[in-house]
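Visitor: Residue numbers (the numbering used here), protein chains in the order written: chain V, 1 to 123; chain P, 1 to 123.
Treat the hints with caution; some may be incorrect.
Same chains, same names: a pair is fine if it fits in one copy or spans any two.
[What the hints assert, rightly or not] Only pairs whose alpha carbons sit at most 25 Å apart, straight line, appear in this in silico SDA-like list of lysine to any residue:
(1) Lys41 <-> Ala73
(2) Lys96 <-> Leu86
(3) Lys8 <-> Glu91
(4) Lys8 <-> Gly90
(5) Lys51 <-> His13
(6) Lys41 <-> Pro3
(7) Lys8 <-> Phe37
(8) Lys96 <-> Tyr122
(9) Lys51 <-> Gly39
(10) Lys96 <-> Met1
(11) Lys96 <-> Tyr15
(12) Lys96 <-> Cys60
(13) Lys41 <-> Asp31
(14) Lys51 <-> Leu88
(15) Lys51 <-> Thr75
(16) Lys96 <-> His61
(17) Lys96 <-> Thr75
(18) Lys41 <-> Leu88
(19) Lys51 <-> Pro3
(20) Lys96 <-> Ala73
These are computed hints drawn from the structure, not numbers from a lab.
Note that the structure is predicted; figures quoted are calculated from it, not measured.
There are 2 protein chains.
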Amino acid sequence: MDPDALAKAFVEHYYTTFDNNRPGLASLYQDGSMLTFEGQKIQGSPNIVAKLTSLPFSQCHHSITTVDCQPSAATNGMLVFVSGNLQLAGEQHALKFSQMFHLLPTPQGSYYVLNDIFRLNYA
Amino acid sequence: MDPDALAKAFVEHYYTTFDNNRPGLASLYQDGSMLTFEGQKIQGSPNIVAKLTSLPFSQCHHSITTVDCQPSAATNGMLVFVSGNLQLAGEQHALKFSQMFHLLPTPQGSYYVLNDIFRLNYA
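Start from the sequences and build out the full structure, keeping to the hints where you can.
Guide: Given below as structure tokens:
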């Protein structure tokens, strides 16, 4: 699978899980994983998932606009850059967001998120 | 210097150079550097600077809105995530952009850009 297709598959899996089964994101992070969410720094899968599941909205839908990827300096690592729209239940307008992931391979042949930075793009 | 201050100093230096002396960006990239600019993949400092200096606007001004950073998996490497506005000369409205950099240390105690991904955030 070429890197762009891998990145796109990861991103689709990530946001589908976020939108339908947020606690399921736990398997995509590890103890050393870092999330910076709107400037707040959080480390480790349990803390990251606690943050993501406690966001002040229960239902949401991410629409992906662009996915870019590059190989990272880490062996078989991948940098993924996403832009898109986040629609919250009950809100009229979608929010624009940008997010980057640094993915590292797992021994099982999959990927986990080492670095994750999320920002809303306010108009 | 703490990582957040370093990241902010790099970002200010980068965009000041971009806005005032675009060819000067050459020293911030190396042969292995990668740029993905609006989906177009470019590799190596000379090609990257050729792209950036041939963009269809001569004067511009970047205003930084947010700078986030995390340590990368590479030794003393740093991931930097920027959002901001790009004002082109003669245009009424600024364009919103997001950009990520993966910075690696140089032997001289400075940083260069290994990975660079840029996207405009269209409204």
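Visitor: Hints first: check each against the structure and report whether it holds.
Guide: Now the hints, each set against the structure:
| no. | hint | verdict |
| --- | --- | --- |
| 1 | Lys41 <-> Ala73 | both (23 Å within a copy, 17 Å between copies) |
| 2 | Lys96 <-> Leu86 | both (6 Å within a copy, 17 Å between copies) |
| 3 | Lys8 <-> Glu91 | neither (27 Å within a copy, 34 Å between copies) |
| 4 | Lys8 <-> Gly90 | neither (28 Å within a copy, 37 Å between copies) |
| 5 | Lys51 <-> His13 | within (19 Å within a copy, 33 Å between copies) |
| 6 | Lys41 <-> Pro3 | between (28 Å within a copy, 13 Å between copies) |
| 7 | Lys8 <-> Phe37 | both (21 Å within a copy, 17 Å between copies) |
| 8 | Lys96 <-> Tyr122 | both (7 Å within a copy, 9 Å between copies) |
| 9 | Lys51 <-> Gly39 | within (13 Å within a copy, 31 Å between copies) |
| 10 | Lys96 <-> Met1 | neither (29 Å within a copy, 33 Å between copies) |
| 11 | Lys96 <-> Tyr15 | both (14 Å within a copy, 23 Å between copies) |
| 12 | Lys96 <-> Cys60 | both (13 Å within a copy, 24 Å between copies) |
| 13 | Lys41 <-> Asp31 | within (14 Å within a copy, 33 Å between copies) |
| 14 | Lys51 <-> Leu88 | within (17 Å within a copy, 38 Å between copies) |
| 15 | Lys51 <-> Thr75 | neither (29 Å within a copy, 28 Å between copies) |
| 16 | Lys96 <-> His61 | both (12 Å within a copy, 22 Å between copies) |
| 17 | Lys96 <-> Thr75 | neither (32 Å within a copy, 33 Å between copies) |
| 18 | Lys41 <-> Leu88 | within (23 Å within a copy, 33 Å between copies) |
| 19 | Lys51 <-> Pro3 | between (29 Å within a copy, 23 Å between copies) |
| 20 | Lys96 <-> Ala73 | neither (29 Å within a copy, 28 Å between copies) |
Of the numbered hints given earlier, the model fails hints 3, 4, 10, 15, 17, 20; all others are met.
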